[in-house]
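Build out the structure end to end from the sequences listed, making use of the hints.
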Amino acid sequence: MRARELTLASLMSIVTGLSAQLCIYIGPIPYTLQNFGVVLSGLLLTPKYAMLAQSIYLWLIAVGAPLGAGFKGGVNVFLGPTAGYLMAFPIAAYLTSIFSRPLLKEGNRIKAWLVCTLTTSVIYILGITWLYFWLERFNGDIMMWMYKVASLVGVPNGNKLTIILLAGGLIFIPQDVLVDHVLAILVAYYVLRMELRVK
Numbered sequence: 418m419r420a421r422e423l424t425l426a427s428l429m430s431i432v433t434g435l436s437a438q439l440c441i442y443i444g445p446i447p448y449t450l451q452n453f454g455v456v457l458s459g460l461l462l463t464p465k466y467a468m469l470a471q472s473i474y475l476w477l478i479a480v481g482a483p484l485g486a487g488f489k490g491g492v493n494v495f496l497g498p499t500a501g502y503l504m505a506f507p508i509a510a511y512l513t514s515i516f517s518r519p520l521l522k523e524g525n526r527i528k529a530w531l532v533c534t535l536t537t538s539v540i541y542i543l544g545i546t547w548l549y550f551w552l553e554r555f556n557g558d559i560m561m562w563m564y565k566v567a568s569l570v571g572v573p574n575g576n577k578l579t580i581i582l583l584a585g586g587l588i589f590i591p592q593d594v595l596v597d598h599v600l601a602i603l604v605a606y607y608v609l610r611m612e613l614r615v616k
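First residue of the sequence shown: 418, per our numbering; consecutive thereafter.
Among the clues, some could well be false.
Claimed, not checked - Pair ranges (Cβ atoms, derived): (1) Lys522 / Phe488: 32 to 38 Å; (2) Thr546 / Ser427: 28 to 34 Å; (3) Gln592 / Thr546: 19 to 25 Å.
If you are wondering where the hints come from, they were derived from the structure by calculation, not from laboratory data. Treat the numbers as computed from the prediction; the structure is a model and nothing was measured. Here a beta-carbon is modelled for each residue, glycine too, at the ideal position from N, C-alpha and C.
Structure (structure tokens):
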């Protein structure tokens, strides 16, 4: 069992890295399928190994493997504006395993999907918090881009926190919830059913 979990944790770290390359840059922030890998880790692995899978992913980036969005790697990835989102991946995978995985194993895909939305909210909480303080220090082009985004969606005069919440979080939620999470639920449900048949 331990060998299976370790193998799957390693595989999930690679899946997350590959899904990070399926990205479109909206200004300076990458719009990726990384959350697919994070959620899938939580749905297929026990909490400890789900967290391990995403920790391996972050370690691989730190040592230079080009597995960050846009084939980026190295310690500098963890000094940039999106570092907070990445650092939340192990926590989100852990929470998904605790709260969503049991529901999916019972066959309740809708509830599992809804709970995934809550368990992955930590990615936005840590990501936006880091981004806010990063912008306090560096500001520059990213903040200008965020004001442009806010203006396009009808919030031209919001305060700084409102702008960051919108451009650093809210615009990404629909794709995460309706694409990444749904794909992860479908893949995990199929894999778990196959495992039951083998047993």
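Hint check results:
1. Lys522 / Phe488: 32 to 38 Å: Holds, at about 35 Å.
2. Thr546 / Ser427: 28 to 34 Å: holds (30 Å)
3. Gln592 / Thr546: 19 to 25 Å: holds (21 Å)
Of the numbered hints listed earlier, not one is contradicted by the structure.
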